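Asker: Given next are the chains, with one letter for each unit.
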Amino acid sequence: MGATDLTATELNSRLIELNAGYARAIDDGDFEAWPEFFLEDGFYKLTTADNVAQGMEAGLIYADSRNMLRDRVSALRMANIFERHRYRHIVGLPTVLGVEGAGARTDASFLVVRIMRDGTMDLFAAGRYLDRVEAVADGSLRFRERIVVCDSNRFDTLVAIPL
Amino acid sequence: MNAIEQRVVWPPGMVSGAPYWAYQDEATYRLEQKRIFGGAVWNFVCLEADVARPGDYRTTFAGEMPVIVARGEDGEIYAFENRCVHRGALIALDDGGSNAKDFQCVYHAWTYDLKGNLKGVAFEEGSNGKGGMPKDFRKEKHGPRKLYTATLCGLVFASLSDNVPPIEDYLGEAILGRIQRVLCKPTRVIGRFTQALPNNWKLYAENVKDTYHASLLHLFFGTFRITRLTQGGGVLVSEDGGHHASYTIDAPGDAKSEEYAKQGIRSESKEYRLADPSMLDSVDEFGDRIQLQILTVFPGFVLQQINNALAVRQILPKGVGRMELNWTYFGFEDDTPEMRKRRLKQANLVGPAGFVSMEDGCVGGFVQRGVAAAGDEFSMMQMGGDATETDTTRATEASVRGFWKAYRTHMGI
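Respectively, the protein sequence lines represent chains A and B. In case it helps, the numbering used here puts the first sequence at residues 23 to 185. In case it helps, the numbering used here puts the second sequence at residues 2 to 414.
In case anyone wonders, no lab produced these hints; they're calculated from the structure. You may find that some hints are simply not true.
As a list, the in silico DMTMM-like pairs of lysine to aspartate or glutamate whose alpha-carbon atoms are at most 20 Å apart [claimed, not checked]:
1. K140/B - D170/B
2. K342/B - D178/A
3. K140/B - E169/B
4. K102/B - E65/B
5. K116/B - E77/B
6. K140/B - D114/B
7. K186/B - D75/B
8. K120/B - E49/B
9. K186/B - D95/B
10. K319/B - D178/A
11. K116/B - D51/B
12. K120/B - D63/A
13. K102/B - E141/B
14. K342/B - D63/A
15. K186/B - E49/B
16. K116/B - D137/B
17. K116/B - D75/B
18. K319/B - E167/A
19. K342/B - E62/A
20. K342/B - D144/A
21. K120/B - D51/B
If you're wondering where the values come from, they're calculated on a predicted model, not measured in any experiment.
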């Protein structure tokens, strides 16, 4: 089944489910669930609006396989050092920009608040998810591609947890 | 003398320890703006490619001083303070641009040419015979401060000092050679990011020169043998102490790797393996088996080669306890599509989300907060003795001591 087999209403409601599940996994600290929202050869990039506007390809995070995302999670759990913190995502309603092939091009705005262990809360990131989604066997959606386009070029301290 | 303001004395010539007030003191910070960033140093300001054609310009900083770098109609690169001589407003507001003929301050429309010369004063003669500037006003006598510029391997440096040596002499032969090694052909920028760090700029300058911490703080380095203190390599320190280049040579075998396990160091993890190791698929593009080279130019420039991930970083102070790090990721114009992809994947190692560099974003803040009540105490930098010389081990703090040597020289303290 492809995203093209879904009615517009089905597609919309599944997009909302996908985005809500994605944000919940990260905000709950269930990082192991995060790569599972992607297809096996899915693509994830964290970049900025300026880089996109200037045709610059690099990202802060650049992964062209689900396994690369799993490696991010292992590093987060076992290797990288950072002060304990969490995120709270607020994801806007998704828009279907186009349906093509087996998938759909969609986008959604996001805000991420970062809460540090000492209680400091900051608006950590704002931006837009630029996505390509496809439906899998049970009809739920997965990301073929998620490009996180942050509105600001400046990142405070570090980005350990994915956006 | 007000006893309340007295600080612990920093013994003259001491570079194996720095008093923590150096990261906290507002007066010291102000003096640094004059004597370091405004002194006889070369500040990295941009890439030559950023101002490739006449009329191209870029706004940046030398320390806290806002600076415009522009390519003049004569093809030369000019740098001047981004401050209107009239009332002090910024002359250029954007990050940069092209095809500029001149710059006009938005406040009262005073205009400057691409060299920073004041060329136009709105209503200079007044209006209807009234007002205007005094009769003896001469535009050519006024202008924002101009900086000397120097280009090297596609990098643009700027200096406010009449006494700064030519860039090649400033760097010395050894460091110069290490820059030329990486920047050996035309580059292409592939991304730019800014990282705001919650610490004094010197904490990052020290961190990037600190060869001792790399494989201890950063688990990724150790586990995947990107660099280990037991691998071949070393550190070059310039004569004045201010510049350095550390490097790791890919040595087959790595026979001494048990040394880490013996030290009981957290960064030795045998279980940790990548599910997709394609990120570490690197090639010896410079043909010398040097896997990693980190190079600094005093006070605020970093050139990084970590496998095939190449970047320059600009350290900018933003107040006593804040700084920004501007990352410019690049490749070369002749990169094949495979090489471009490799660089994009290896960029995961560096930057604010880098597997091996994200810790550097927070560790300076840990120090800044840790020393909050310890202004009269000193850090200890005695690994490898007291010297600031080139060494063949990286289990030394020679290049960090070098930083303080250059710092004390420029500051006159």
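Asker: Could you run down the list of hints and mark each one as holding or not?
Answerer: Hint check:
no.: 1; hint: K140/B - D170/B; in the structure: violated (36 Å)
no.: 2; hint: K342/B - D178/A; in the structure: violated (27 Å)
no.: 3; hint: K140/B - E169/B; in the structure: violated (35 Å)
no.: 4; hint: K102/B - E65/B; in the structure: violated (26 Å)
no.: 5; hint: K116/B - E77/B; in the structure: holds (9 Å)
no.: 6; hint: K140/B - D114/B; in the structure: holds (12 Å)
no.: 7; hint: K186/B - D75/B; in the structure: violated (24 Å)
no.: 8; hint: K120/B - E49/B; in the structure: violated (26 Å)
no.: 9; hint: K186/B - D95/B; in the structure: violated (29 Å)
no.: 10; hint: K319/B - D178/A; in the structure: holds (13 Å)
no.: 11; hint: K116/B - D51/B; in the structure: holds (16 Å)
no.: 12; hint: K120/B - D63/A; in the structure: violated (58 Å)
no.: 13; hint: K102/B - E141/B; in the structure: holds (18 Å)
no.: 14; hint: K342/B - D63/A; in the structure: holds (15 Å)
no.: 15; hint: K186/B - E49/B; in the structure: holds (13 Å)
no.: 16; hint: K116/B - D137/B; in the structure: violated (24 Å)
no.: 17; hint: K116/B - D75/B; in the structure: holds (10 Å)
no.: 18; hint: K319/B - E167/A; in the structure: violated (37 Å)
no.: 19; hint: K342/B - E62/A; in the structure: holds (19 Å)
no.: 20; hint: K342/B - D144/A; in the structure: violated (34 Å)
no.: 21; hint: K120/B - D51/B; in the structure: violated (25 Å)
Of the numbered hints listed earlier, those contradicted by the structure are 1, 2, 3, 4, 7, 8, 9, 12, 16, 18, 20 and 21.
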